[in-house]
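Peer 1: Each chain, letter by letter, is given below.
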Amino acid sequence: GEDVEQSLFLSVREGDSSVINCTYTDSSSTYLYWYKQEPGAGLQLLTYIFSNMDMKQDQRLTVLLNKKDKHLSLRIADTQTGDSAIYFCADAYGSSNTGKLIFGQGTTLQVKP
Amino acid sequence: EPEVTQTPSHQVTQMGQEVILRCVPISNHLYFYWYRQILGQKVEFLVSFYNNEISEKSEIFDDQFSVERPDGSNFTLKIRSTKLEDSAMYFCASSGFTSTDTQYFGPGTRLTVL
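Which chain is which? The protein sequence lines are F and L, in order. All residue numbers for the first sequence refer to the working numbering, where the first residue is 4 and numbers rise by one. All residue numbers for the second sequence refer to the working numbering, where the first residue is 160 and numbers rise by one.
Hints were generated in silico from the structure; no laboratory data involved. Note that the Cβ used here is the ideal one computed from N, Cα and C, for glycine as well. Do not rely on the hints blindly, as some may be mistaken.
[Stated by the list, open to error] In silico lysine to aspartate or glutamate, EDC-like type, Cα no more than 16 Å apart, as pairs:
no.: 1; chain 1: L; residue 1: K201; chain 2: L; residue 2: D245
no.: 2; chain 1: L; residue 1: K201; chain 2: F; residue 2: E5
no.: 3; chain 1: L; residue 1: K201; chain 2: F; residue 2: D6
no.: 4; chain 1: F; residue 1: K71; chain 2: F; residue 2: D57
no.: 5; chain 1: F; residue 1: K115; chain 2: F; residue 2: D81
no.: 6; chain 1: F; residue 1: K115; chain 2: F; residue 2: D86
no.: 7; chain 1: F; residue 1: K73; chain 2: F; residue 2: E5
no.: 8; chain 1: L; residue 1: K201; chain 2: F; residue 2: E8
no.: 9; chain 1: F; residue 1: K39; chain 2: F; residue 2: D86
[Claimed, not checked] Chain F is faced by these chain L residues, among others (derived, beta-carbon under 10 Å):
no.: 10; residue: G199
no.: 11; residue: S207
no.: 12; residue: Y263
Using the sequences and the hints, build the whole thing.
Peer 2: Pasting the structure below:
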């Protein structure tokens with residue numbers, strides 16, 4: 004079946020940029036999403052990118068998509084301690100027309116003051 | 160801003176008991192979903208629901224699971240006879256007018272089966 008993979012942990016200093024990476028296998032992906040999960044909370048939509056785009060910028064967030072390599076990244080500029088959370092990459096599985104999302108295992112971002 | 164709500168936030172039950180997890184999707188959304196996240200594991204798709212019927216379900220969603228939209232606002236997930244391995248965080252999500260619209264998630268219900 005289709006799969007999404009992420010590295011498990013990233014630690015950065017406050018003020019640095021963070022880059023969280025994700026790879027996916029779905030050849031017919033339509034949209035790719037980034038969700039944020041703070042401790043004990045639900046999944047908060049951060050941003051998304053349509054599969055025919057290469058890049059999307061939204062304030063401190065930059066999403067890069069390399070469709071050939073099936074690689075997605077999320078860059079957070081000027082990372083703050085409040086950005087500490089788990090970040091999930093999710094693929095809107097293109098072969099399903101029901102909206103099914105396939106999630107990566109999540110990357111825990113630790114921001115040190 | 161409209162949001163998806165879920166109740167209860169935490170449910171503790173004995174193995175073999177039935178549980179019903181409740182969700183109120185965003186008003187005027189047409190597509191509804193349940194996902195679950197076992198502690199330390201990926202968020203997994205369970206089921207999608209549109210036009211009062213299941214449009215897709217995963218292998219996890221066996222005969223012990225059912226979903227219902229009883230009154231046009233609530234969306235429920237029932238587990239008929241809970242097992243220990245059903246312990247997880249269950250997330251409800253809804254999306255707007257097409258299946259490719261962005262899904263908005265509720266805060267989750269933590270189910271603990273003893």
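Peer 1: Does each hint fit the structure? Answer for all of them.
Peer 2: Right, here's what the structure says about each hint:
| no. | hint | in the structure |
| --- | --- | --- |
| 1 | L:K201 to L:D245 | holds, 14 Å |
| 2 | L:K201 to F:E5 | holds, 13 Å |
| 3 | L:K201 to F:D6 | holds, 11 Å |
| 4 | F:K71 to F:D57 | holds, 11 Å |
| 5 | F:K115 to F:D81 | holds, 12 Å |
| 6 | F:K115 to F:D86 | holds, 10 Å |
| 7 | F:K73 to F:E5 | holds, 12 Å |
| 8 | L:K201 to F:E8 | holds, 10 Å |
| 9 | F:K39 to F:D86 | holds, 9 Å |
| 10 | G199 | holds, 9 Å |
| 11 | S207 | holds, 4 Å |
| 12 | Y263 | holds, 6 Å |
In this structure, none of the earlier numbered hints is contradicted; all agree with it.
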